[in-house]
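As a plain string of letters, each chain reads:
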Amino acid sequence: MNLRNAAPPFVRAEPTSASMLRTVLFALCALLVIPTVRYGIRPLTMAGVSVLTCLVCEILANLLRTGGFSVTDPSFAVTGLVLALLMPLNAPLWLPCASGAFAVLVAKAPFGSFGRNPFNPAAAGAAFAALCWPGLMFTYFDPSEPFRLPAFADCTFRTGVSAAATLKNGLKPDILPLDMLWGEAAGPLGTGAALVVGACALLLLFSRAAHWQAPVCFLAVCALLAALFPRIACSPLTSVKYELLSGSLLFGGVFLVSDPVPAPYTASGKGIYGAFAGAALMAFRHFGVCEQGAWFAVLLANAASPLIDRAVFRVRGWEEKPHG
Amino acid sequence: MDNGRVFLRGAGAIFRNGVLFRNPVLVGALGLYPVAAAGFGMQNAAALSILFVFLALPSQLLLCLVGMLIPKWARPAAVLLVTAAFYLPAARAVQRLLPGSMESLGMAAALMACNSILYSRAEEYAPEHIFLAVGADALGCSAGFAAVICLVSALREFWLTGGVWSSGTPGSGIGAGLDLPFAGFLLAGLLAALVQWINIRRADRDPREV
Amino acid sequence: MIPHGVRLEPRKGVPLKNGIVRLPGPEPVSAPQTFAPLKKNAGPSRIIAAAEKAGIVDESDGMPLGKKLSRLARRGPGLLIARCFDEDPCTSSARAVFREDAEKVAAGLKLAARACGAEEKRLAVASRGEARRLRGLRLGIPAVVAGRRYPAGILLMRKLCRNGGRAAFLGAQACAALADAAREGKPQSETVVTVAGDGVRRPVNCRVRIGTPVEKVLRLAKPEEDVRIAAVGSAVAGRTVRDLSLPVTAATRCVIALRDAPPERRYPCIRCGRCARACPAGVIPWLVYRELESGDPDPLLFFHAGDCAGCRACNAVCPSGIDLAAEVRRAAARKEGGEG
Amino acid sequence: MMFAALLAVTAENLLFSGGLGFSRALRAARRPASAGVYALFVTFFSLCSALAGNWLAPRLSGSPWVLYPAALTAAAGVFYLAAAGLLRALAAGFYDRHARILAQAAANTVVLAVPFVQRMLRFSLAETVGYALGTGAAFFLAVLVLEEAMRVCSNPDMPRAFLGLPGVLVYVGILSMAFAGFFGKVF
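Chains as they are written, first to last, in the working numbering: chain A, 1 to 324; chain B, 1 to 210; chain C, 1 to 340; chain D, 1 to 187.
Hints in this document: simulated from the structure, not taken from any laboratory.
Every clue listed holds true.
Each pair of labels, with its calculated beta carbon distance range:
1. B:G171 - A:F157: 19 to 29 Å
2. D:L60 - B:A93: 17 to 27 Å
3. B:P99 - D:P58: 25 to 35 Å
4. A:V315 - D:F94: 24 to 34 Å
5. B:M68 - D:S34: 24 to 34 Å
6. C:H304 - A:L171: 50 to 60 Å
7. B:W197 - A:P177: 51 to 61 Å
8. B:L151 - A:I59: 24 to 34 Å
9. A:I59 - B:I198: 19 to 29 Å
10. B:A93 - D:P58: 26 to 36 Å
11. D:S34 - C:A333: 32 to 42 Å
12. B:A74 - C:D298: 34 to 44 Å
13. D:G36 - A:N169: 37 to 47 Å
Glycine included, every Cβ here is placed at the ideal spot set by N, Cα and C.
Chain A on its own, in the form it takes in the complex (with noise of 0.2 Å):
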């Protein structure tokens, strides 16, 4: 017996980090697969050419930072897989690589990478894409009639109104709300599926890999604000409806409003993060000027967490007096 040293614990009770971002990757991976079934191979080499992009920058960074190639956790796939499922599968495949090198090398690396992030790197790579390059970020095909996109060319194709865009123009979509629950409607490759999304935020819930606080407060204040506030003509049920499947909404709630790192410490003060999200994204819906940008809302809430953890902290009193 060849025995060594080791610190404590010899047993753990929690997933580790490690294991959590596996658990995110797995789910987003499932969101992939109704549109490959659906569109080809396309979807498939989007996310191959953003993780890689993803990928090969994280590399690039730790060459820079520390002159070693090796690569410590998957964070940097599920970046690139967040960002290739929030681009129009008709976006030349250049953006979300653009956008995935914006995102870690940028939005990560400065900071010192996984676990320092101030913001949502992802979320911000998103933004990027979105002010760079608007054109290219909110025009999606139309995906009525069924056909299959080239795996790597850019691709010509008829142009499809997404639901974001109608509710932003203030008109009632035309959109049948079994197919926003199935993702078979323009908008973006991985946020359509709305079924899909709630099997993966299941998933993550109940593999612990993310907390409820933060998405369950998002998706409830966003609900209660489309309810009060309806942008179209309609009953309150049937604007929370339509403003909960429409956008990138779910799946920023799922996979973006979720993610702890950028989120505050305490679980009250993620509940509050959550919800400040939700009005932001719902203020933004509003008074914005694109048509969805749940990634915004997400990198304001990010900014504001630090404060959030303070303010919980002044309330429970969590500093302790001099000589007290």
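Model the placement of chains B, C and D on the given structure of chain A, informed by the hints.
Frame of chain A, contents of chains B, C and D only:
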């Protein structure tokens, strides 16, 4: 003779510090507004740089001469009054050199009068140093500011239009969006990281230099 | 913040129904040195003297029982509890002792309560099922159920002391040994040790003579060839041993053999906040960690760092594998140094 | 008026969506204890500057346009002089503690920008007052955010080149992206 050479060498060091090692924008975090908000075209950048040098040099030299006569608490007001006075000829000069640029800059040009580089140098540095040092510092700061804003502007203009100094056409560049202030902050951040890296390298090589 | 503790997954444990295996001593020892058994209604000082003479050590904290009882007698605990539950998921020695010798444990607890003047006594058991079993035995001592969450002892203590009550724990084995000493005048010469972990083929609870080398105890459980880690004390807060000739002591509750070392990779804090929920003492480990890491810590933010009980629940729960307990210890030392 | 204040904090947030007065906010964030007083001064001088702008604009409408900013800058100097003189006479201890930030607040870009914004958006007097108050609040918030950004940007895992200011600039750039996404190009 020897004294003069020492002075000149000192002035050279001050100038170099202003341009690179202690760049007011990238190390001092001063005067970020013009870089972030207006630095997306080379013509803007050139106009602001010229305006800056015309404001900085005379106002700092004047304050170097008379600054010590003013009580310390009233000095900020004196600085503001002096820059306000020099703003008129400086703005006229820029308009003569680059016709039309002042109009296109609008608020950004107007707010150069209370630029924080000008203010902090004129209030803290100028009254307490000798004439030559103040002159070198004013020139160095101007060059440093001009270098940063021109670099940032060139990058952003190329991204937006595919050319520099109005040689490209809007929309034919790589993408849109970089005329927004965020790009200015990001580029300034990356340049600041570069300068910090250079400073770290210098300190590692020779700790006495810093 | 309400402490929640950690729910630790039960590992491949020892089947309790197998009972305790006795590890026979290799060489015959002379008959244990005996002393006069106690009378039925011996006074407190005599009970304490018997505990001292018998050399009983409380396995829950490693303190000599006589010393502990006389200290408790001065303080006067309201409630005396015998620990018949195990905190960490690999160990079951206390439960096994309770299954086998509940009557003896109860008798020892009664003696100890008389010795230190406790008004009330309870047996803390692991689950409701055990509590039912205790009621069935009709020993006259009520049960209290310790939770399933680690560290159950500290959490139970907090619960009992919430309304200003004073309580103290005694180990089940120490109680049983006290009963033995009182009845038969026998010194404590044996202890029950759990041998478990994925490095053994036949996990057992075994009764061994104190001073037996760890290696012999381990061999009883048929260890695999490729055991890399041997830990004693606890799976969460214990320590590793490399020298297997070290003796088993009364406080050795378990020997855990593992084939793989726990992963040493550390990630940065991902701000899940689980450590603060897990801590039974109300420390906020992530805050302490963040402050210490910032290089310019603010001692006012070392919230309750001095109260750390060393249970390492924070380490067990941290997904990034940060040694938070060490950080809290550092902070406590710093705070004391700063204020004292 | 409330709306204009809200506007100052959100859409027309000069600090993050326009980059105005950013250098000063960064300076203030290094001494967070005095942030409240600083914001108070900023509010006061914004108000002064807005009123001065209101008063000056019609009087200078015929003269060359370069006169307006110069006059505003000079007015800021006069306001500072008046405020400092008043505080020195009335509350010397308070003045001594906050002399530096009083001067910096008076010469703040965000303060001098208020009259321009007011002209651009054609605010009424009440709205102008609200906007000035909102500017102070926005400045305070910005100082808080920047203080946290500085803490984030001093962690031991940061590349050395980004430690401190460069990191903060990138941080603010990303945050500014969120503002740009909400409101497009403001100035």
